[in-house]
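Trainee: Sequence:
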Amino acid sequence: MRNRPSPRRHLVAVLAAALLALPLAACGGDDEPTAGEGFTVGLLLPSRAVPRWEHADRPLIEAKLKALCPACTVEYANAENDVMRQRQQLISMVTKGAEVLILDAADARAMRSSIQEARRAGVPVIAYDRLAEGPITGYVSFDGRQVGRLQGEALLKAMDRRAAGHDIVMVNGDPTSPNAALYRNGALSVLTGEVRIGRSYDTLDWSTQHAHTNMSAAIAALGPDRIDGVLAANDSIAAGVVAALKSAGVTRLPPVTGQDADLDAVRRIVKGEQYMTVYKPFEKEAAAVAAMAVAVGRGEDPRDSATTTVDSPTTEDIPAVLLTPVAVTVDDIEPILVEGGRYTVARICTPPLRAACDRAGLTP
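Under our numbering, the sequence shown has 363 at position 347, and the numbering climbs by one with no breaks.
Bear in mind the hints are in silico, worked out from the structure with no lab data behind them.
Only a predicted model underlies this, so the values are computations on that prediction, with no experimental measurement involved.
Here are the simulated lysine to any residue pairs, SDA-like style, with alpha carbons at most 20 angstroms apart:
id	residue 1	residue 2
1	K262	T229
2	K300	A322
3	K82	Y92
4	K300	L279
Assemble the whole structure, with the sequences as input and the hints as a guide.
Mentor: Listed below in structure tokens is the structure:
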């Protein structure tokens, strides 16, 4: 770790006091690492409730950072859906000397003040997957509205005709995430005028348990026979939806959407319990954010790593990389997920799924 000017050494007390909303004096050094030097990258992820964070994003980002900057170190923290914990984690990383932070905010709005403190300390923050508010330096994610559009289009196709008369339930994401609004708005741009939305719910923490509660309420209110499809925002939510339908005795499940291509979701698709998921090649997302973080840590302009710009509620023209998501149904598992290297057939097709995998054309 390089030596920093003395004001940086005083940040421990000052930044800790920021949690109590005390004033903070601007500080930070202007010495930038060169391409041959190592530095510390802080990686802050939001939860363990969604499998992708620990199983895909973390190892992929860490591996890519190490490949791009062998001398760099990675400091990792998971917020466990606790905003205060994530604020403390961010402050701890800054005070320990992180040069750049990759942040997937547990709450995009609530993390604004912490991002401001990092900026005052001279530590750039790159928003990952969710567009956090505050003075972020760059942003890497997928096109959220397109995710919702893919889900809406697949649901209409699964219900067999684009015509009014179908009743659906929307089980949306966590309202504290800006992505949840993007997914919902993208889906509504396709579904509005084509279906009746019998019930619509937000799902705290994107959790399977909350999704189960929401879907159970929809079944009680509408009756299982009046639900022709379910727009589930991601695969964790889809798991709760499917479990609620089965608990209610529904044997012919309506089409259910998802997102993230979690392994359990892929297996549900093979079994016919979930109609589709949206695959977001996490390798590309991890590679893009690692490249931007290393470039910024070396003092380079984040616009050199970006392909577009986005606006948040607080910041305009943020250098960004927005990748393209892909819809996956049972027919797409082999060409997209298997041939693309995400999963092997052997990993998907456990012994209880052998017959279903044979019907799907998935053979080891």
